[in-house]
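Chemist: In order, the protein sequences belong to chains A and B. Remember, my numbering sits 53 above the position in the first sequence when you count from 1. Remember, my numbering sits 88 above the position in the second sequence when you count from 1.
Be aware that a few hints might be false.
Cut-off 20 Å, straight-line C-alpha distance, at most; resulting in silico cross-link-like pairs (SDA-like, lysine to any residue) [stated by the list, open to error]:
hint, chain 1, residue 1, chain 2, residue 2
1, B, Lys128, A, Leu64
2, A, Lys153, B, Met103
3, B, Lys129, A, Met131
4, B, Lys124, A, Thr140
5, A, Lys110, A, Ile73
6, B, Lys110, B, Asp173
7, B, Lys128, A, Gln158
8, B, Lys132, A, Arg147
Bear in mind the hints are in silico, worked out from the structure with no lab data behind them.
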Amino acid sequence: QQQVKQSPQSLIVQKGGISIINCAYENTAFDYFPWYQQFPGKGPALLIAIRPDVSEKKEGRFTISFNKSAKQFSLHIMDSQPGDSATYFCAASRGQGAQKLVFGQGTRLTINP
Amino acid sequence: DTAVSQTPKYLVTQMGNDKSIKCEQNLGHDTMYWYKQDSKKFLKIMFSYNNKELIINETVPNRFSPKSPDKAHLNLHINSLELGDSAVYFCASSLGQGSLEQFFGPGTRLTVL
Chain A
54 QQQVKQSPQS LIVQKGGISI INCAYENTAF DYFPWYQQFP GKGPALLIAI RPDVSEKKEG
114 RFTISFNKSA KQFSLHIMDS QPGDSATYFC AASRGQGAQK LVFGQGTRLT INP
Chain B
89 DTAVSQTPKY LVTQMGNDKS IKCEQNLGHD TMYWYKQDSK KFLKIMFSYN NKELIINETV
149 PNRFSPKSPD KAHLNLHINS LELGDSAVYF CASSLGQGSL EQFFGPGTRL TVL
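Generate coordinates for the entire structure from the input sequences, incorporating the hints supplied.
Modeler: Structure follows, in structure tokens:
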């Protein structure tokens, strides 16, 4: 079963716009929620992550919003740039012990110049 | 100075063959992982080793056998390859089994004909 559902599957945003990708999870035992960025031909790389004790985390142009009661979290990319064009994966895991990351299906983001 | 490296980058083989993918990390990490990314880019964990000891073993056919000769290496051997094994296989590592950030290698694209 898909424990982490991600949407949309693909997203096109104009340069300078805001990109928003959403994820929903089912397992309430999850307490670590990272976002990974993957460029073509490369492995995923950690972009930003959040724990459920905060509702928002911001790093530069990237912000995670977290809604524990709704079991949802989202990635916002402000002032989107062509270099942000990549596939983005949300994930979730239990923050302790062996880290079994459960990934969403991925969102292919294209920023048009 | 590559952190997590995999060989080969591409692997094309016939059904029924046996093949191996090698992974090495020079980060001094204790924990290593194998992930499979299918044609729809869905990423799923297969195995994890901590200090050469298997700690995560997902529901993977026993044709797949990981081997960790030391904590810097985690190889994946696949017997009797099937068409459905075609995918990109990613190796990753983390500081320890409880460490949250995982560092991914560049991937090995396996094509079974």
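Chemist: Now tell me if each hint is right for this structure.
Modeler: Hint check results:
1. Distance hint between lysine 128 of chain B and leucine 64 of chain A is fulfilled; the C-alpha atoms sit about 16 Å from each other, no more than 20 Å.
2. For the suggested pair lysine 153 of chain A and methionine 103 of chain B, the alpha carbons sit about 30 Å apart, so the restraint of at most 20 Å is broken.
3. With a C-alpha separation of about 25 Å, the suggested pair lysine 129 of chain B and methionine 131 of chain A falls outside the 20 Å cut-off, and the hint is violated.
4. Taking the CA atoms of lysine 124 of chain B and threonine 140 of chain A, the gap is near 16 Å; set against the 20 Å cutoff, the hint holds.
5. For the hint linking lysine 110 of chain A to isoleucine 73 of chain A, the alpha-carbon distance of about 14 Å falls within 20 Å, and the restraint holds.
6. This hinted pair checks out: lysine 110 of chain B and aspartate 173 of chain B have alpha carbons roughly 16 Å apart, not beyond 20 Å.
7. In summary, the hint linking lysine 128 of chain B to glutamine 158 of chain A is supported, as the alpha carbons are separated by about 8 Å, within the 20 Å threshold.
8. Restraint check for lysine 132 of chain B and arginine 147 of chain A: the C-alpha separation of about 16 Å stays at or below 20 Å, so the hint holds.
Hints 2 and 3 from the list above are not met by this structure, while the remaining hints are.
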